[in-house]
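Required output: the full structure, derived from the provided sequences and hints.
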Amino acid sequence: MDAVLITNVLAATVVAGTPLLLVALGELVCERSGVLNLGQEGMMLMGAVIGFIAATSTGSLSMGILAAMLGGVLMSMLFALMAITLAANQYAAGLALTIFGIGLSSFVGSGFVGQSIDGFDKIAIPLLSDIPVIGPVLFNQDLLVYGSLLIFILVFCFLKYSRGGLILRAVGESPEAANANGLKVLPVRYMAVAFGGAMAGLAGAYLSLAYTPMWTENMTAGRGWIALALVVFATWKPERVLLGAYLFGAASILHLVLQGLGWNSSTELLAMLPYVVTIIVLVLLSWNPARTRLNTPLSIGQPYRPSK
Amino acid sequence: MLSLERRAVDSRAMQWASPLLALILTIITGMGIFMALGKDPVEGLTFFFLTPLSDKHGWAELGLKMAPLLLCAAGLTICYRAKLWNIGAEGHFLMGALWASAAALQFSDQSGPWVLPLVLIAGMVAGAAWALLAGLLKTQFHCNEILTTIMLNYIALNLLLYAVHGPLKDPYGFGFPQSEMFAASALLPKLIPDTRLHIGLLFGLLAAVAVGVLFARTFVGFQLKVLGQDERAAAFAGFPAKRLTLLAFILAGGLAGLAGASEVTGPLGQLVPQVSPGYGYTAIIVVFLGRMQAVGIVLAAALLALTFMGGEMLQIAMALPKAITGLFQGLLLFYLLTCDAFIHYRIRIRRAPKAVAGEA
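Those protein sequences? They're chains A and B, same order as listed.
Just so it is clear: in the first sequence, position 259 is 259 by the working numbering, and no numbers are missing.
Just so it is clear: in the second sequence, position 135 is 1135 by the working numbering, and no numbers are missing.
For the record, the hints were derived by calculation from the structure and aren't laboratory data.
Everything numeric in this text was worked out from a predicted model, so none of it was measured.
Heads up, the beta-carbon is just placed ideally off N, CA and C, and yes, glycines get one too.
Careful: at least some of the hints might be erroneous.
[What the hints assert, rightly or not] Quick list of simulated restraints, FRET-style, between CB atoms:
no., chain 1, residue 1, chain 2, residue 2, range
1, B, 1346, A, 182, 20 to 30 Å
2, B, 1299, A, 292, 23 to 33 Å
3, A, 291, B, 1273, 35 to 45 Å
4, B, 1113, A, 260, 47 to 57 Å
5, B, 1008, A, 153, 48 to 58 Å
6, B, 1113, A, 5, 52 to 62 Å
7, B, 1278, A, 301, 42 to 52 Å
In structure tokens form, the structure reads like this:
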């Protein structure tokens, strides 16, 4: 392999990893507050379809992005109503959100299938993009890739250095203790879920406005679920989410690389690679339950009802 | 101020009222959607719920769509009663369809009465094996079954697509990705002549009854229930948690695999890429809506089978997108979970507690 090919593959990896990074960062914050939202796939699909419709009807990509994030937040509030206010089972509520999102997005987007749009262009950052290999990989991408890296830094600092991050983690580890200390558990969880919704909507819009600028039914192809695995992979740490997102991104373009190298294997068999990789990664990570338990936010999946 | 208060005892009335309430709320929302689209809501609902069942063929089609939903839902009930979140019925179904097709094509020049049972067994075994894989990943490697079953669904779909584009593709099929038509010996007998309804519906009804008996009458069913309600209690009682888990997955996979096999040997008669319109996912709604009880599942399967037909009817009659089926199903599940909260909680109107503090 020559340098040009390696550079192209790495650049494509970053692009493929970006939607995973966005949705996984949102879910990480959500899970750190003790809420497991399995509705990522549904929220992403709504983000993708709303973003596409808003961008085509207003002609503005930024309107598309805004609408997609708002759509994600609205979807996540449906989940929050069920899982936080009504203390429903979080698994069932998340699944319901995904099933609802798949149905609603197909319905809303049915008139827009087959249309295309001028998506985000690549913007080369002067000087930095001239660095060999790293330059084109990291500094000649579209605006949303830069945005995803900025969001990563913000989430990282928020969780590690800010008071807000401390409150979020306290609520996730022990809602009872947090409540006893005067922290408002339910509002914190609502905000975490809303952030997760905004990120999933943004990730969806990345797919329909940048990655493949068009709308097709179920275009997320399981990325919302892969992101959930990614958070486990990252043991709930943002820096590992960044690494993991690009690793999974690489797995998802592996079939294109192999075909480019002249492998004559069937497209369908190669297309299942990302899912196989996800299972293998889950096996490698989960075989020691003690280690998993050590990293998991303690109250995850358990509804909390403040006792008055 | 309104607040939620935990009931001392779960409400049994709400347990059964919740699905009805959810259906009513879904219908009201549906009317709103029709109006928003500028259509007559009464006409829309008539086309969705009543027109598909206006003749014998309509009822036969309903039974035809109920069959796979019932088989998948019966299997999932076993898992969900034991709190095993198997989302993989779609994958089990697809593997069942794939391997039943492979068997049927293998015996295409045979005409013995043993061909059909063998084909169905091939589908069941394939579905069970696919589910067992997820079960083993859970018991041996502690992998979350939700994620593994979802991933296995995508892998199963790609395997099926590979098969219809490759090894099982009809060489005289003008390049279409589909298999040859099966021989008559590999086709399910009809239940009602002149319709497409086949005996797969009986498999489904039988499965629902069997699952009901499993939990009402057998020790294994009791063990599964305990495992679902309190894992520690099951461990103290010495119940073999791993074996029970694997059993639940195998049964769920076998039933969904049979559903896939019945679909290719029933209405389709060949393997095609769109063998399932999402039966495996819809079956999840059937289980929740049917309260994990035999009778409930049969009623819920009938309702959700009708949503598939209603969506097609609206597409033909009112030029609405067929995706309205998925929207309707999603709304139903969402409302159901919301209403279910009131099984455990009730709304209380609370006065501000300040006044009491002031008097003291």
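Hints, one by one, checked against the model:
no.	hint	result
1	B:1346 / A:182: 20 to 30 Å	28 Å, holds
2	B:1299 / A:292: 23 to 33 Å	40 Å, violated
3	A:291 / B:1273: 35 to 45 Å	41 Å, holds
4	B:1113 / A:260: 47 to 57 Å	52 Å, holds
5	B:1008 / A:153: 48 to 58 Å	50 Å, holds
6	B:1113 / A:5: 52 to 62 Å	59 Å, holds
7	B:1278 / A:301: 42 to 52 Å	26 Å, violated
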